[in-house]
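Turn these sequences into a full structure, and let the hints steer you where they fit.
Residue numbers (the working numbering), protein chains in the order written: chain A, 50 to 329; chain B, 76 to 524; chain C, 1153 to 1541; chain D, 471 to 912.
Where hints are given, some of them may not hold.
[Said to hold, decoys possible] Mimicking DSS-like on lysine-lysine, the simulated pairs with C-alpha atoms at most 30 angstroms apart in a straight line are:
#1 Lys497/D to Lys321/B
#2 Lys256/A to Lys1466/C
#3 Lys888/D to Lys159/B
#4 Lys867/D to Lys888/D
#5 Lys497/D to Lys771/D
#6 Lys318/A to Lys1503/C
Simulated from the structure, these hints should not be mistaken for laboratory data.
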Amino acid sequence: MVYTAGVDVGTGAVKCVITEIDGENEKVLAKTLLRIRQRDPNQLAREAFDHMLEETGLKEEDLAYVASTGEGESLPFATGHFYSMTTHGRGAIFLEPEARGALDVGALHGRAISVDERGKVLSYKMTSQCASGSGQFLENIARYLGIAQDEIGELSKQSDDPERVSSICAVLAETDVINMVSRGLTAPNILKGIHLSMADRLAKLVKATGIGESVVFVSGGLALDTGLIAALQEEVVNQNVPVTIRTHEDAAFAGAIGAAIWGAFRHEKLAQLQQLPLAS
Amino acid sequence: MKSFIGIDLGSTTTKAILSNEEGQVLGRGITNSRSNYETAASVAKQEAVIDARLYLCRERLEQATGMGEQIEQFIGDLGSFFRKEQFLEQLGDLEGTCLEKIEGDRFVGKEEAIKEALAETFRRLREEALVLYAPGAERKSDFFRDLAGSRYLMISEEVAREAQLGYDLLLNVYDKSIIEVENRPPSGQLKEKFQRALQEVLAHGSVSGIASEDVTGPVSDALDVDLEETYVVGTGYGRVTLPFSKEHIRSEILCHGLGAHMMYPKTRTVLDIGGQDTKGIQVDGEGIVENFQMNDRCAAGCGRYLGYIADEMNVGLHELGPMAMKATRQVRINSTCTVFAGAELRDRLALGEKREDILAGLHRAIILRAMSIIARSGGITDEFTFTGGVAKNEAATNELRKLVEENYGKVTININPNSIYTGALGASEFARRAIVEGRTYDDAELVAA
Amino acid sequence: MTSQEQIIDRCQVLFDDLSFTSAREWKAAEEGRKVIGYMPIYVPREIIHAAGMLPLGVLGGGDQLEVIHGDAYYQSYICRIPRSTVELGVTGRLDFVDGMLFPSICDVIRNLSGMWKLMFADTYARYFDVPQNFDDKVGGEFYVNELNDLRADLSKISGRKITDDQIRASIELYNENRKLTQDVYAFRAREPWKVPSSDLYLVMRAGMVLPVEEHNQMLRDYLVAAADSDRPLRDNCRVLLTGGFCEQPPLNLIKSIELAGCYIVDDDFLLVNRFLLKDVPTEGDPVENLAHVFLHDSESTAAKYEPFQAEKGKYLIRAVEKYGAEGVIFAAPSFCDPALLDRPMLQHTLKDAGIPYVAFKYAENSGQMQPIREQAGTFSDSIKLWSEA
Amino acid sequence: MSTMTKPKRAPKPRPEAEKDASMLKQKEMMAGHYDRLTSAPENGDKVCATFVPGNLNELIMCFDFVNNLPEQNAIQAGLRKTSGRFVMEAEKMGHSEDVCTYVKSDLGMMARGNLAPNGKPFPDPDVLLLSYTGCFTFMKWFELLREQYGCEAIMLHTPYTGDGVITDNMREYMVKQLKEEVIPKLEAVSGVKFDIDRLREYLRESARAEDDLVAVLQSAKKKPSPIDAYFGGIYYIGPIFGAFRGTKEATEFYRLLRGEIDERVAAGLGPITPDGPMGEEKYRLVTEGPPNYTSFRDFWKMFYEEGAVCVASSYTKVGGTYDFGFRHDPDRPLESLAEYCLNVYTNRSLPQRVDMLANYIEEYEADGLLINSIKSCNSFSAGQLLIMKEVEKRTGKPGAFVETDLVDPRYFSASNVKNRLESYLQMIEQKRSSTQTLGAAA
Ligand SMILES: Nc1ncnc2c1ncn2[C@@H]1O[C@H](COP(=O)(O)OP(=O)(O)O)[C@@H](O)[C@H]1O
Ligand SMILES: Nc1ncnc2c1ncn2[C@@H]1O[C@H](COP(=O)(O)OP(=O)(O)O)[C@@H](O)[C@H]1O
Ligand code: SF4
Ligand code: SF4
Ligand code: SF4
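Structure (structure tokens):
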């Protein structure tokens, strides 16, 4: 049995977990999420990490592997780093064992990852630079409309006649939305419109990775947005993508969980491969 | 008297200019463009009218003599008190609206506490308003949203903490109310507000020893001048949404060209950086556009980019320039994608770069892009004028001066403190010419519909 | 002996120098010297050299050049290299160059040849066409005539006749250069930790601006120095990089890929160094020999027609085998039609052969490496976690 | 403010767009072509796929092939608004967002049933004749098609006229390719022996139609111009750039068309638009670049609503530049085929393109140059901004630049294009009225 930690340094928030892994048995002992809000992410990561140690009563040296992911490549207290797609794919399977795909939607990115049953990444697709379909954009618009983040989902679901946002550029899309408001569109219809546009792109990503008939797990911060999830469910049907969309209340931790599990896996593999000269 | 109005409905701000038959600018008005373009246009127009009234007051007072040096100060006070009146009026509206918005699950059981907190918040806001509009005080912005908004956020956070209440609840009520308030055109009773303001100036103004009878007459005179709206021309990004017929609309290119020419008749090249576009315009000796180029569909490097950066850093737009000026070196920034501006900033901060240095790099990047657009439109040959909101930003103008000199040698560079009004100025001139010079229509055609 | 660091420092200086000081100095050193610039991917440098001129590789402005004028000539959906090249021209950085060759690689460079004629009317500018028909009697003859036209043009510029013997002598030097280049590549593939790819890139890039004699010496020195390197072996996978044959990636991108856990064991940067895969014979008509090797033994890239469907993309598989790569990274410049249109076909070939690959795009001035690290990193993660060790 | 609004003029009654005899004939020809193509398998016809620029229709006919032009299929998909789906399909198959959407529309269409406009499936080609003229993308496009169909592919490499001249070396290289490569392979696939006299006959027919086409396009020199040489021009070039050059049908079509245009000239009429005859001709423009097909009508409307007519365009020269005297020549059959390929607009050097456009502005007395820059097409687009600058410099007339795409609806932003076009036309208007005022004052 080993204890490992996963630290996911994102653009919007830092997520940390500690897991206890015993062969096939994987258990999350503690988890913490801290919003970055213009603070130093690495420092926050340390804070979150300490907080978890305290919560579990473990000491740093009890951990077999501290795996960073996300933008935490330079995290001083990490043993090693895994890249986001590697970790989200694995985290997805932990949270939803039937998943063969993960859709990681965060503040500035969307990534669809196809994995096998062991969590190995088979292929992936990322949104390109232009980001009118990003969480950040949605956040700005919600702010503009006077809506709290956790209200977005419910409102969106009340929509009766959504209108999609067509611009590829978030700046121009913002103006689109302003136009909509001035034309008297309701907030639910606007939000749903944005959700559908985002879902449209995301569904295309999923399709492009070639994930077949299976469950796709939505991870990342936007997994909590029930409106987006609903829109995604509609869009995959519209586009004939044969997948089932699911998520989990801990979806924001998928990356951190994946990292912690891979940490244990790597720990074992390194133990076998001791002869390999490793540079730091 | 006849008056001519030009309205520039920009993506970020809406500007209006009111001019007289001689083409002299009487008033300038500006507001933030908001979801309702019509409101934005009418607010800007009203602001211009207010400004014009102050102008007329000054004129009358000068004719009436007696006040000498003190006129400027007096007019300044009059303006301040007037704005305070208006601010309080809107603040009252905001408070009322906020109270209506306390509804829904999240507020259950907390209604009373929130009402109290709101009352306290608004009490403090009103208190501050007195300082904010004290004679001679500096304000960050004249937009209600900016002023009330940023203070509301600060104050309500304090109040929430003191009251041990969720800050997000107060934030939520505000977010829901501000748009509504903003989109209610302000009440039109200008004259009454001016009269009240005049009384206040007399009572608490910074100019001592004014005799009420010396000023009341001229001021009333000025307020009574009939500012007949003779012709309006609209321009700008949102011009098509204005309820004007085609004859009353001019493209922003023509308006910026003409406006720049009016300010600086020798201008041959105009650069306009607005919220969503950057334009390079070449004009001839008459202000007639010879050529123009705009940024392509990507809005990278436009004014809104700075907006995102300011939001990210949690500072006001006008603070960016001064911060960048403190840079000791310039970080090279290659991408000016607006959306990723924040990410790029964080990236660089994470690499240990200083905020000031990054900002300096960002400003340079914007100007580099603008330089390309100028080059596309034909480069700079003679006198050059920089217009649009970004011209207010000192770091940007500095960078521009440097780059223009590097690439085109020493040329005259004009940057007017009122450059943001250039498009509206051009539009008002088009309006004036339409009537006074009969360039487009004769009066018969202008009979109201 | 010169150390690896010393050599790389020198190369870095050459690389960073957007005013081409070394070439300027070469030209100034002797009355009457001429410099001929060329763009990717291939020109017969032997003929330029034989004319007593310096062939100078012009490969865009990288990520340190501020592009103002160049952007004025190009829409946002066109790759970066032509705009930074125009910038170099407009800002006078190429004012010492006596002629420019624009090889047949794509429509962008093709049209740039015409732009150059309009913008720099006093400089010799030539679109250098190569045949897409590989029959000696058809394409071969066309090419020999084109080469001789070029030879005539260059001899007019240099003011001296270019003899067959002079070309033969140049061929010999470039044969040597090609061999050394191959040796460095082979060395890196064997011990990639001793030759970081950014180093190799810089050493090869130096060959774009140095006289071939000097570059040959540099390559020899580097081989000796690299053998002594004490860089440690890292836990990296081995990849082949393809798609960057024209617009060059920023050096940081190459470094980022290695940082993200991938040793690059082969690439297609600066192909002019090794476009011809065999020694060009020095007996017989030298121009015909150049043509012959070009037709029958030259590198495959997207800019060249592949006459046989069965051969499409096979060169990648051969390279993977030769260099022992575990996967292929397609890194192409944004908006690069040749590279991006070719990519799906190459990927099909790899897929059939069971070779894993990833793909992403870059621009010569890309600043944000995060997405690149993310993708290269995921690729190396999956090879590392799942390769049978 | 409402007091300022002028009463809207009652809209002009909108006449049913009349169809000229030539339009009906063209429709019929196209329908016939698609029927011939889709029934090729039943009829035992062999199919040759090739490109518009440098297409060797006369030669292809010598081997009894039915000609299939992927570019025209992409255009059809654009006009029918299916191209957007096709492009996305191709992107899903792994094609980059950045590359030419003509290719992607074609490949996407294949993946989605490959249906011709008549609803029947396109037959697989028996041979791909890669006329590699004026565009590098063609080469990749045909490699992709070859991968898909696994059929014989023939490469005909047209050298680029980088120095603005056709050299003997180029011509000989092409003739040699025709003789050694193209003709033998076409013979092998078709089983038909090459007969040079048959080729001569077709070439003679081509030259006749070419004469009439030139007359039609040059009618735009008249004021008002009886045609729109860009939007309308696209219809006019259809048959000759496509599968009909060298046929009697084409000759008849162009004779008919020329007759109609002559009548319009005699009557002093302007062009016909989709909304009926165009109103007053206020602006005369020369255009550079392909049009946008997904919003073809909306795009055109932005012009004719403002009274702007295109009097000359470079796009109508992508399948051959005839207005400078080139004609297919039965006496030099292979040489003239070679020259035809070498001459197409996109195979011309940038300085030649500048000359051509500047001359058009002068000869057709245009107000300026409008460039529609196509995101897809590097062949056209790379360098257009310099072209604009140079043409402005030489003619003193202003240029304007709009950006769209051929068949990718995502790149057509109506408001963006309209804003620029309007600003441009207002600028021309303003300049004009200012010179008038000045003129009057003097
Ligand atoms: N409760 C919520 N409802 C909707 N969206 C949310 C919620 N919580 C977070 N988000 C969104 O999630 C995004 C952050 O996602 P995350 O995966 O943490 O990104 P990153 O990994 O880049 O930090 C934010 O843009 C935010 O809009
Ligand atoms: N006080 C200020 N200080 C610095 N920059 C400003 C200021 N006010 C406006 N700006 C800049 O000007 C831009 C708006 O310019 P403007 O010409 O009004 O644009 P538009 O016409 O598109 O509304 C803003 O995005 C901002 O970057
Ligand atoms: S500014 Fe807009 S269009 Fe440009 S790169 Fe950014 S998101 Fe895309
Ligand atoms: S990068 Fe690609 S598209 Fe650009 S010039 Fe080079 S080959 Fe052509
Ligand atoms: S790049 Fe241009 S010429 Fe080439 S296939 Fe595409 S649209 Fe046609």
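Structure-based check of all given hints:
no., hint, verdict
1, Lys497/D to Lys321/B, "violated (38 angstroms)"
2, Lys256/A to Lys1466/C, "holds (28 angstroms)"
3, Lys888/D to Lys159/B, "violated (43 angstroms)"
4, Lys867/D to Lys888/D, "holds (20 angstroms)"
5, Lys497/D to Lys771/D, "holds (22 angstroms)"
6, Lys318/A to Lys1503/C, "holds (28 angstroms)"
In this structure, the hints that do not hold are numbers 1, 3, in rising order.
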